[in-house]
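Visitor: Here is what each chain is made of, one letter per residue.
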Amino acid sequence: GNSVTQMEGPVTLSEEAFLTINCTYTATGYPSLFWYVQYPGEGLQLLLKATKADDKGSNKGFEATYRKETTSFHLEKGSVQVSDSAVYFCALSAYLIQGAQKLVFGQGTRLTINP
Amino acid sequence: NAGVMQNPRHLVRRRGQEARLRCSPMKGHSHVYWYRQLPEEGLKFMVYLQKENIIDESGMPKERFSAEFPKEGPSILRIQQVVRGDSAAYFCASSPPVGGGNEKLFFGSGTQLSVL
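Residue numbers (the working numbering), protein chains in the order written: chain A, -11 to 103; chain B, -13 to 102.
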């Protein structure tokens, strides 16, 4: 079946540190891959996505590359800020049915950035 | 344009009571999804609805849970005779009508259900 496994948290870093949050997946077919972010008290927001192998999604300084050979979609940022503190979810789109998505999420990684 | 609105934000119920969770999708969105997040776990798909139709309910427990998305008004997730194991955050998401695929999902802030 389809599943997503994320690096366990919580992760605590100092401001300007380099960030990597690992994400691997198992899927049938060729899913799209996503990173969502959840800030305290808010809903999930799409951070970035990649729809095919070797695609790189990027947004707000975050990047992730769709690696089919390693079934991974690791999230990276070169220099984190306190405002990046949030919970990050890796997800895959299991199918499209009637034009819509069905997402399978990882368990989430809580990130805290200290000044 | 208001985002996806869920209410209430927090809902407390005693075992055996009913819980009703509401979700108003973004304006113009005709697809609604419900997800559940148990403590320390990721979001799990429950059900996908279009107006007046349930398209995929493969993630819904077979008993006590139901969902609707009427022609007028919000989508409702209903849990009858709640048990402690139903305590979780319930998220609603919506997306626009069919386009080229990979429509972006917009999530609400969730309803935190606590069963005493």
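Incorrect hints may have been included.
Claimed, not checked - Listed below are the simulated DSS-like cross-link pairs for lysine-lysine, each with C-alpha atoms no more than 30 angstroms apart in a straight line: (1) Lys90(B) / Lys65(A); (2) Lys48(B) / Lys90(A); (3) Lys37(B) / Lys65(A); (4) Lys56(A) / Lys37(A); (5) Lys56(A) / Lys57(B); (6) Lys65(A) / Lys48(A); (7) Lys13(B) / Lys65(A); (8) Lys90(B) / Lys37(B); (9) Lys37(A) / Lys90(B); (10) Lys56(A) / Lys37(B); (11) Lys90(A) / Lys44(A); (12) Lys48(B) / Lys44(A); (13) Lys90(A) / Lys40(A); (14) Lys37(A) / Lys30(B); (15) Lys56(A) / Lys90(B); (16) Lys48(B) / Lys30(B); (17) Lys48(A) / Lys90(B); (18) Lys56(A) / Lys40(A); (19) Lys56(A) / Lys90(A); (20) Lys40(A) / Lys48(B); (21) Lys57(B) / Lys37(B); (22) Lys57(B) / Lys90(B); (23) Lys65(A) / Lys48(B); (24) Lys40(A) / Lys57(B); (25) Lys37(A) / Lys48(A); (26) Lys48(A) / Lys13(B); (27) Lys13(B) / Lys90(B); (28) Lys30(B) / Lys44(A); (29) Lys57(B) / Lys90(A).
Unchecked claim - If you want the footprint, here are the derived chain B segments under chain A, 3+ residues with CB under 8 angstroms: (30) 8 to 14; (31) 30 to 40.
Said to hold, decoys possible - Among the chain A residues that face chain B by a calculated CB cut under 8 angstroms, a handful are: (32) Pro28; (33) Leu32; (34) Leu36; (35) Ala38; (36) Lys90.
Everything labelled a hint here was simulated from the structure, so no lab data went into it.
Even for Gly, the Cβ is constructed at its ideal location relative to N, Cα and C.
Visitor: What are the numbers of the hints that this structure violates, sorted from low to high?
Guide: 3, 5, 7, 10, 12, 20, 23, 24, 30, 32, 34, 35
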